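2 protein chains.
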Amino acid sequence: MINAVGREIPEKIGNYVVKPYAGPREAIEAEQPVCSRRKPSKRAAAENKLMPDLKSAIQACGLKDGMTISFHHSFREGDKIIVQVLSCIKELGIKGLRFAPSAVVNIKNPSIVDFVKDGTINRIQASGICGELGDAVVDGLELSEPVILRPHGARPHAIETGDLSIDVAFIGASAADDFGNCTGQIGPNACGSLGYSFIDSTNAENVVVITDNIVPFPCVPTSISQMYVDYVVKVDEIGDPKKIGAGATRMTKNPRDLLIAQRCADIMAASRLFKDGYSFQTGAGAIPVACTNYLADYTEQAGIQASFALGGMTGAIVEMHKRGLLRSMLCSQSFDAVAARAIAEYPNIVEIDNSMYANMFNKSCALDKLNFGVLGALEVDTDFNINILTGSSGEMMGGLGGGPDVADGADISIVTLPIIRGRIPSVVDKVFTCCTPGSSVAVVVTEAGIALNPKHKNYEMLKEDLDAAGIKTVSIEYLRDMAYSLTGVPKPVETTDKITCIVEYRDGTVIDVIRQIKRD
Amino acid sequence: MINAVGREIPEKIGNYVVKPYAGPREAIEAEQPVCSRRKPSKRAAAENKLMPDLKSAIQACGLKDGMTISFHHSFREGDKIIVQVLSCIKELGIKGLRFAPSAVVNIKNPSIVDFVKDGTINRIQASGICGELGDAVVDGLELSEPVILRPHGARPHAIETGDLSIDVAFIGASAADDFGNCTGQIGPNACGSLGYSFIDSTNAENVVVITDNIVPFPCVPTSISQMYVDYVVKVDEIGDPKKIGAGATRMTKNPRDLLIAQRCADIMAASRLFKDGYSFQTGAGAIPVACTNYLADYTEQAGIQASFALGGMTGAIVEMHKRGLLRSMLCSQSFDAVAARAIAEYPNIVEIDNSMYANMFNKSCALDKLNFGVLGALEVDTDFNINILTGSSGEMMGGLGGGPDVADGADISIVTLPIIRGRIPSVVDKVFTCCTPGSSVAVVVTEAGIALNPKHKNYEMLKEDLDAAGIKTVSIEYLRDMAYSLTGVPKPVETTDKITCIVEYRDGTVIDVIRQIKRD
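Residue numbers (our numbering), protein chains in the order written: chain B, 24 to 543; chain X, 24 to 543.
The hints are simulated quantities; they were obtained by calculation from the structure and are not laboratory data.
Quick caveat: nothing in here was measured; it's all calculated off a predicted structure.
The C-beta atom is built at its ideal place from N, Cα and C for all residues, glycine as well.
Some hints here could point you the wrong way.
Chain B is faced by these chain X residues, among others (derived, beta-carbon under 10 Å) [what the hints assert, rightly or not]:
1) Pro56
2) Val57
3) Ser167
4) His180
5) Val243
6) Gly347
7) Pro370
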């Protein structure tokens with residue numbers, strides 16, 4: 024069958040029954056109460072939760088072959104928890120696990136691939152699997168079912184419906200007390216918001232907090248409460264906060280990126296929604312950080328204050344808050360060490376549940392209130408569909424993150440990307456992997472021009488505002504032609520019939536699949 | 024049948040199947056996953072949650088005859104929400120509701136009795152029903168089943184098991200935004216912690232936030248997230264914070280109360296558990312406030328710092344925190360206006376879920392870490408059983424509150440009371456209503472002496488410590504004899520066979536029942 028973004032998808036993929044993407048908010052499921060696997064405990068009050076080592080905690084949880092384990096990815100490339108836990112599980116001889124972290128960031132020596140090859144893991148669900156694992160998957164790594172990739176907003180719903188039922192959640196925390204109250208906001212290896220793990224803590228059957236910093240009871244601030252925690256384990260090191268992100272508010276000096284960032288800020292400042300109390304999400308990376316700084320200046324010049332920034336936070340956004348240009352920050356993750364530590368320091372920087380951030384099946388999520396969302400992309404096509412997963416030869420270059428959620432939730436969603444990267448065009452006829460439907464993308468900003476999506480719900484408003492501000496726009500086809508004129512028309516990536524990844528949309532439907540890359 | 028505190032209780036009371044109290048931690052139920060009635064929502068993102076009035080919100084929730092509604096009691100006698108909501112429900116002609124607030128505090132003109140008599144309410148569950156309602160109940164007010172009285176720790180478990188399944192939770196908040204993020208910490212009518220409502224918000228099918236103070240999105244601090252809220256209603260006034268409690272840190276001048284408070288602090292300071300990092304709960308009222316002040320002085324003299332105070336907070340405890348004698352406060356309710364506003368002001372004063380505070384079926388609750396718990400009582404008997412509900416002629420004088428939970432959780436539980444009140448003895452042969460089993464009471468402190476419970480788990484330790492400090496003790500029988508010598512032996516309260524209230528213990532078993540009072 025063909026879904027609403029024109030992708031051909033089988034009705035069933037193994038045991039996975041496909042609900043095809045049917046358009047914005049068309050396929051919202053029947054209501055059913057949320058389910059949790061958390062159990063009232065028989066634990067005696069005085070019983071100690073502090074386990075001598077990871078192995079004891081894993082055994083105490085009763086982890087068995089075939090079960091599901093979860094992690095957060097708040098340490099990104101600095102994570103030292105996942106490999107420690109998987110190594111213990113491997114030593115215990117437990118096999119065939121479903122590995123369901125919020126995301127897999129490039130983990131090496133050993134990599135997750137090694138734990139797949141030795142049979143410890145045979146299924147994977149995450150928002151992204153970039154790095155060695157992703158590349159191995161699209162090249163046909165043997166798993167017992169395709170990887171399910173879900174944007175941040177879809178994961179909590181999958182957990183609450185029972186589609187993703189977690190046996191043991193392992194939660195890394197930079198401070199924890201012996202009863203399991205924990206946080207990522209303080210301690211030598213602070214990673215900031217634990218927003219991804221809230222849903223795991225309340226819904227998993229077993230919850231293990233892993234820390235390198237036991238603090239006296241009670242751990243304050245408390246991000247996750249002891250009431251959800253079964254065991255606490257102290258390890259030598261949980262992660263390296265220097266590798267959380269690029270760090271701080273340093274501006275890029277790349278003139279192309281600066282140009283794109285400036286144009287992105289120009290668009291926001293030109294919008295009628297840019298007024299006292301406006302809200303935004305910019306995200307991580309060179310362009311977003313630069314864009315945040317330009318936006319701060321615009322805000323100061325206009326003599327207004329933004330009401331909230333949402334999602335992943337950077338030092339640049341903290342700086343805007345410190346300058347009084349931004350009243351609050353709803354922080355579901357921390358992209359750098361400055362942002363990680365700021366939550367404990369400023370009362371209006373609030374750690375929020377990732378489900379509160381992006382889950383469209385909640386009684387509402389914060390994205391429903393967002394004016395401007397700035398998004399990165401690997402590719403955009405002439406239908407404004409966005410690819411944030413796969414690179415030019417099909418390799419796994421990114422994760423879904425909250426991109427599809429933000430595009431759908433924000434009044435004005437702005438995709439920023441250069442029209443070419445190296446010799447590869449970024450604006451193309453048809454993206455290799457459709458992650459975000461074009462209908463939810465308002466505008467594409469490149470160094471070669473700005474293209475408005477005439478099919479976006481707020482097109483008329485935005486067009487009028489940009490015209491009034493004298494901001495010129497071009498067609499998306501113009502940008503594609505420019506790109507192709509520099510690179511030539513790209514050769515399509517050839518694939519086999521084997522589906523390696525299922526790409527879900529925020530509503531749980533299938534927006535695309537990734538087939539195994541055919542290598543020469 | 025006879026339960027473990029010697030109370031005669033039928034095996035069934037109407038449809039209610041009695042699980043008799045079987046002793047401390049003897050009757051813990053089989054494990055089963057927690058259940059929630061919260062449903063993923065079909066609400067469109069842009070749909071407004073702000074309803075024009077209470078009636079519209081009640082109708083939007085689909086409230087029907089026979090359903091269950093809930094409230095918190097954080098405004099205590101200053102509450103202006105419950106009557107407003109019940110009046111609307113009455114006007115809508117909805118009948119036969121189960122009324123399940125965290126507690127009923129004396130509400131007058133109209134009182135809850137009026138809503139029972141007109142058929143709006145026909146069942147009641149709460150931690151206490153003191154005031155007109157309680158008196159009417161023990162005098163035989165017609166309800167379709169006995170009132171179920173549960174201590175604070177038992178209510179969340181009853182909700183999570185589905186025994187108390189809530190159709191519509193009405194949550195009063197002193198600040199809320201139009202998407203339902205709300206708090207009791209700020210605004211003109213701040214009531215402080217919304218700790219009682221957390222469980223309602225996550226488990227009720229419908230949640231209505233009622234405020235007199237709509238703030239710009241996002242409401243910061245956020246105590247309850249929009250993700251759990253269906254509707255928001257603005258009313259003229261939600262409550263009168265001056266009536267939350269006696270207010271501030273004013274010391275009583277009653278020499279008897281000061282003596283009891285001083286002795287209570289003496290006992291804590293004499294204990295080997297009184298060392299750096301100790302923890303306590305003192306509670307509200309004249310004796311607890313005075314006791315907190317004495318304890319603060321002892322702490323200063325010893326050059327130590329308490330790690331946390333737990334439960335209901337007063338200005339006296341805030342003062343101790345400000346003096347640097349107390350590192351943190353885990354606040355499930357705020358007993359006065361000072362404590363209500365302090366949460367937003369001091370980062371180490373933390374608003375906690377009442378379930379985190381006291382629910383023994385959690386993976387742990389904060390009470391499990393408590394060293395000293397100070398409790399009030401209406402009566403204590405020679406088995407150390409405590410009555411915190413009924414007065415000398417059977418009238419409803421108090422609520423269970425967290426008393427039974429604290430007694431069980433604390434290492435040293437200290438009951439403070441005068442041996443007589445007016446011409447009525449407080450130390451008796453047998454309490455009229457057993458709320459807290461004597462086995463969980465370590466010591467009774469009166470103006471006439473201190474009695475240790477030889478059957479308490481920590482008797483030996485405490486006896487040794489008091490002896491070492493030269494603190495004299497007497498037997499509980501001595502205190503009873505003293506009381507009786509002043510008042511004469513009290514005439515037992517006569518009752519009919521009709522059971523008006525079922526008194527549950529924190530583990531969900533039945534510790535006692537209250538029968539209808541026989542009036543002349």
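We went through each hint and held it up to the structure:
no.: 1; hint: Pro56; result: 5 Å, holds
no.: 2; hint: Val57; result: 5 Å, holds
no.: 3; hint: Ser167; result: 26 Å, violated
no.: 4; hint: His180; result: 7 Å, holds
no.: 5; hint: Val243; result: 5 Å, holds
no.: 6; hint: Gly347; result: 15 Å, violated
no.: 7; hint: Pro370; result: 7 Å, holds
Comparing the model with each earlier hint shows violations of hints 3, 6; every other hint is respected.
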